[in-house]
Amino acid sequence: MFSDYTANELTAIFAMQGFAGLILFSVLVLMALGLAIIFGQMGVINMAHGEFMILGAYITYLTSNVFAEYLPGLFDGYFFVAMILAFITTFLLGMLVEWGLIRFLYKRPLDTLLATWGLSLILQQIYRSVFGAREVGVSLPDWMMGSYALTDIIEVPINGIFVMLLTVTIAIGVYWLMYRSGWGRQVRAVVQNRPMASAVGINTEKVDRVTFGLGCGIAGIAGSAFTMIGSTGPTSGQLYIVDTFLVVVFGGAQSLLGTIASAFTISQAQSTMEFFLSGSMAKVLTLLFVVGILMLRPQGLFAMKIRH
Amino acid sequence: MLQVKDYRVSYGQSEVVHGVNFELKKNEIVAIMGRNGMGKTSLMKSLVGMVPESGGSISLQGTDLTGMKSFERVANGVGFVPQGRMIFSTMSVLENIETGLTSTNQSKLPPDSDLYELFPVLKEMKSRKGGNLSGGQQQQLAIARALASNPKVLILDEPTEGIQPSIIKEMARTLKRIRDERGLSILVSEQVLSFALEIADRVLVIEGGNIVHEDDIANIDEDKVASYLSV
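From first to last, the protein sequence lines are chains A and B.
In my numbering, each residue's number is its place in the first sequence (first place is 1) plus 41.
In my numbering, each residue's number is its place in the second sequence (first place is 1) plus 118.
Below, simulated BS3-like cross-link-like pairs (lysine-lysine); rule was C-alpha separation at most 27 Å, straight line: (1) Lys247(A) <-> Lys270(B); (2) Lys287(B) <-> Lys270(B); (3) Lys226(B) <-> Lys247(A).
Don't read these hints as lab results, they were simulated from the structure.
Note that the structure is predicted; figures quoted are calculated from it, not measured.
Excised from the complex, chain A in its bound form (with noise of 0.2 Å):
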């Protein structure tokens, strides 16, 4: 399949299918987080978690109207704005549905399982009824427009870059939070024994809440990111959650490290193979290969070795 191509041509596919692919993994990583840090700390699976991340993607949509409307001459600037907003709205749906449905279920692993796609069938269904079924899409300021041409044939867009860049913060801040701040040591220890924590004095409850309203936030920024590659749709969030369950699953579930190893693996892999084979031929290969690992490695890329 690689006849067809000279030496050169084959670079520079190589180079910007590798580059769309760290555009997928930037957004795969963002979801993964926070998905992450909902399963792999908590055991929670949040089968709602694509809906979190299209109301940030909403809210998005939501504020470059507003800025375009009222602010013209700010609009240039709106994304910022939007991802903030987009945490906040996010963080706290977040911290609500926890409150409201997840808190009575910690002990119920499975039903969590359906409570969550429940909540997942009605957000979609509000979105669906507050902003139309036609998928929507937001315009860029113009300086993330256009692409930047690094050789005659290669050619990087540039909002790519700026999601890089972004996740990159955030991967960062999200591990300076769970791994250096006296919040995250909390977080830790309610993972690791839920009555101890609390009898060390932790109020588990309170780290439960935010936890998973933290994660939810995470999911929101994704959002924001994701109105750059794709339009918005009240079901669009469906077709990231098993992707990133997997990403989750392969990296093993309570490492960030390896989460953000799994998500560079499978974006990669999945992009490159698209250029040459079919959509589904690449998602089977990459399944393959993933179920493949896992039944070598069942607690995933990266786990923590330690005496029980």
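Using the hints provided, position chain B relative to the given structure of chain A.
Quick look at chain B alone, frame taken from chain A:
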């Protein structure tokens, strides 16, 4: 100081601790002795709120702790070292100690903390994962973690379990030192009579969920206490 009245603990319908009464004075070390399955651990866990009490009351320096959750009891001055130590094994030694700071609203342990003076080995190992420590070291870590919240009462559940004899002696000395330096009261559950005789001012014997015997260490009838402990 710590007052426990008609305290009851149940799992579902079956009551395992039947209305015990005791008091812990300031600076006093009290050992609760008893064989396995007599309700020691249930009582201890319940005092710190890990198992809710099903009746009676508990108060510390006049504050009623009854019905409070664990973290609220800790904030009011209860420190707990559980049976089996239960340190957070994937977290570093320093992080383990710092989890105990939560209720004090501090986040970082000062490098010159007196906890390091009590347990020098923890300073050497502060970046190691808690799970990679030996049993005796983990026990010291669990005590340091409980002390980090500045408790008024320290509750230890079978601290000598699975620890080698030379370290048990050292632990007895450390616990007394903690009591003298920090002026707190200690409640310890124990099966090893020699350890209890070494540290305690008073001994309570629990059997079948009731306190059946009480003795000051000064005039203790060792044979009688030992007879409760023999199988």
